[in-house]
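> Residue-level listing of the chains:
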Amino acid sequence: MTQKINTYRAGPDEQGHFGIFGGRFVAETLMPLILEVEKAWDAAQADPSFDEELQYYFKHYVGRPSPLYFAKRLTEHFGGAKIYFKRDELNHTGAHKINNCMGQILLARRMGKTRIIAETGAGQHGVATATVCALFNLPCTIYMGSKDIERQAPNVFRMKLLGAEVKSVTSGSNSLKDAMNEALRDWVANVEDTFYIIGTAAGPHPYPAMVRDFQSVIGRETREQMMEAEGRLPDSLVACIGGGSNAIGLFHPFLDDTDIKIIGVEAAGLGVDTDKHAASLTGGRPGVLHGNRTYLLQDDDGQILEAHSISAGLDYPGIGPEHSWLYESGRVEYVSATDKEALEAFQLCSRTEGIIPALEPSHALAYVSKIAGDLPKDHILCMNMCGRGDKDIFTVAEALGVKI
Amino acid sequence: MSATPDSGRFSRRFAALKAEGRGGLITFITAGDPNYEISKEIVLGLPAAGADVIELGMPFSDPMADGPAIQAASLRALATGMKLGKVLQMVREFRATDDDTPIVLMGYYNPIYNYGVDKFLAEARESGVDGLIIVDLPPEEDVELCLPALKAGLNFIRLATPTTDDHRLPTVLSNTSGFVYYVSVMGITGTTSATGDAVKAAVERLRRHTDLPIGVGFGIKTPENAREVATVADAAVVGSAIVDRIAGGLDGNGKPEAGLVDGVLDYVRELAAGVRGSGDKQ
Ligand SMILES: Cc1ncc(COP(=O)(O)O)c(C=O)c1O
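Listed in order, the protein sequences are those of chains Z and A. Residues 1 to 404 in the numbering used here are what the first sequence spells out, letter by letter. Residues 1 to 282 in the numbering used here are what the second sequence spells out, letter by letter.
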């Protein structure tokens with residue numbers, strides 16, 4: 001255990017393992033296709049024209065780079081650390097999800113796939129997938145838990161406007177994990193023509209690494225922009241964690257800068273000491289689901305538990321395998337914020353900065369609000385504002401007892 | 001490697017089928033569906049109804065490769081408190097009445113991983129389990145459970161599928177034992193079925209790579225289907241269609257009605273009559 005780690009950025013190994021986490025736990029029907037995706041991804045990485053094309057769309061379609069913004073009023077409000085937002089909520093479609101979708105659809109096209117499927121929780125990944133499918137004229141089916149269809153109605157309509165078919169999932173707990181099961185079932189039946197765009201840094205290898213690499217544009221830009229703004233790197237990074245894609249995207253380029261404190265914020269729902277939360281690292285233990293070994297919320301028989309969060313995008317009983325590894329290695333600290341704390345942060349940010357954040361990054365901000373005041377004024381903290389809150393106004397109104 | 005020899009039940013059973021000159025019937029139900037007692041009654045009745053091999057599902061909350069019928073069966077079992085330890089208990093109770101019929105446990109890895117691999121394998125072997133089919137453990141993950149299972153004297157039965165090409169087949173077959181389970185369609189359990197010609201071609205392809213018995217499943221619903229498949233393969237596997245009979249024996253509130261067990265076993269008898277007509281094997 002005292003072995004010193006030279007780099008935190010080398011994973012995964014060839015079998016897709018981050019330490020004991022990750023891997024390829026899928027049915028045989030999918031296995032040849034998973035290997036094919038891996039091969040295509042390796043080839044794409046070795047081909048400069050793939051990155052050129054991706055950068056083109058990042059710049060002209062997604063609107064990258066996203067700004068790094070000094071949140072002056074919040075900084076004054078907390079009275080401590082200098083708070084910066086990496087503003088991925090300004091991306092086309094309103095969240096970081098499109099970074100990954102753009103990358104994966106370009107790969108799907110290279111592989112000659114003619115149909116796209118995806119799972120979605122908050123609907124942000126579904127919207128981003130439907131968007132790139134419209135852009136490249138590919139038919140698209142989105143699986144979404146019936147519970148999420150209800151609480152994310154605007155995004156459901158958006159997906160339909162974009163031409164996607166939205167399939168309501170009524171198995172299990174009717175939310176994100178069940179949507180993922182259903183998408184996998186679809187994929188098993190349609191391996192020949194279909195590409196599955198997984199929405200977070202989880203699933204069988206190579207997805208966790210591939211999604212991370214597409215999202216790492218967030219952290220790379222942050223490094224450059226921070227050097228420009230402050231002449232140095234930040235002291236701490238904070239991001240919310242559902243499956244962990246926005247977080248790993250921000251964190252990964254900084255993992256070997258070990259002076260930088262890195263913090264992931266899970267959703268504590270009604271509290272991590274209740275049975276209504278989504279904090280897999282804080283409240284779970286290692287297990288195998290959706291193609292990888294990772295921390296999971298599960299009962300004493302290894303049955304997966306329903307997660308709970310006011311934020312549909314964080315309402316998942318697992319977490320990407322690289323986070324499980326970063327947790328056990330101690331490089332990243334994982335904490336949690338409750339529904340209530342996130343709601344407060346949501347309102348505070350709206351009033352103080354004129355930015356209505358999504359409920360997901362509101363969890364990150366909730367944690368920032370706990371620590372910022374106690375940090376010195378020359379401490380630079382960068383938080384990933386990974387999504388905007390328009391999709392959440394109905395949920396928030398209801399939670400606040402407001403009728404709209 | 002100081003491997004424990006396997007129970008020998010598979011080789012004896014498939015040799016007996018060969019001697020009879022017919023294909024076998026492999027039946028699947030989820031252990032604990034709709035509850036422990038009824039499920040046990042069904043399992044105990046299966047050999048007499050004509051099942052040659054019994055597949056018992058270990059219920060899991062997230063059965064990613066299963067269709068609606070088996071998903072629902074899993075949830076019914078879990079709702080009545082079924083756990084992995086009780087699946088082993090059911091096998092023990094079965095073995096007290098039948099020492100010949102091979103039993104395969106089928107399911108997903110997480111409950112086993114959670115139980116503890118070595119503990120599970122030791123108890124499975126001791127309770128009379130002959131083999132394991134774990135849907136989400138491809139050869140790439142053999143160190144997890146396949147190799148320890150073989151060492152513990154349990155067969156590890158692998159699924160081969162239409163997407164397993166000739167290049168990959170040797171990998172899939174490498175640590176397979178007991179029999180090979182050919183999944184005849186791309187898709188989840190209980191949906192479409194393959195044509196007889198496709199099954200025949202697939203079995204012929206597999207036979208070029210292995211001498212192990214070949215069971216074929218997915219989408220077999222009628223005694224005629226079962227006969228057709230058992231004629232070209234060594235056994236036909238029927239799952240969702242049997243599970244549907246269990247679901248059909250529940251009242252509007254999900255309570256088992258009288259006659260559920262008989263209804264299920266009668267259907268198994270029909271399937272068994274089907275494979276018994278597979279005598280003129282080419
Ligand atoms: C805005 C936003 N942030 C975060 C998440 C959670 O996903 P991840 O942890 O992969 O970034 C979602 C998921 O829908 C989201 O929409």
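These are calculated hints, taken from the structure and not from any lab test. One or more hints might be untrue.
[What the hints assert, rightly or not] Using C-beta positions, here's what the derived DEER-type ranges look like:
1. Asp166/A x Gly271/Z: 48 to 58 Å
2. Thr4/A x Ala43/Z: 36 to 46 Å
3. Asp166/A x Leu270/Z: 46 to 56 Å
[To be verified] Listed below are several chain Z residues computed to face chain A (Cβ distance under 7 Å; list not exhaustive):
4. Phe25
5. Gly112
6. Val188
7. Ala189
8. Gly287
9. Val396
Predicted, not measured: the structure shown is a model, and the values here were computed from it. All residues carry an ideal CB built from backbone N, CA and C; glycine is no exception.
> Each hint needs a verdict: does it hold in this structure or not?
So, going through the hints one by one against the coordinates:
1. Restraint check, Asp166/A to Gly271/Z: a C-beta distance of roughly 55 Å satisfies the suggested window 48 to 58 Å.
2. A C-beta distance of roughly 44 Å is found between Thr4/A and Ala43/Z, which places it inside the suggested range of 36 to 46 Å.
3. Distance hint for Asp166/A and Leu270/Z: a CB-CB separation of about 54 Å, consistent with the stated range 46 to 56 Å.
4. Given hint, Phe25/Z at the interface with chain A, holds; its Cβ is 4 Å from that chain's nearest Cβ, closer than 7 Å.
5. Contact between Gly112/Z and chain A, as hinted, is not supported at the beta carbon level, the nearest pair being about 16 Å apart and thus beyond 7 Å.
6. At about 6 Å, the closest approach between the beta carbon of Val188/Z and any beta carbon in chain A falls short of 7 Å, and the interface hint on this residue holds.
7. Given the 7 Å rule on beta carbons, the hint for Ala189/Z holds: about 4 Å separates it from the nearest Cβ of chain A.
8. Restraint check, Gly287/Z versus chain A: the minimum CB separation of about 5 Å is within 7 Å; hint holds.
9. At a threshold of 7 Å, the smallest CB-CB gap from Val396/Z to chain A is about 30 Å, leaving the interface hint violated.
This entry does not satisfy hints 5, 9, going by the numbered hints stated previously.
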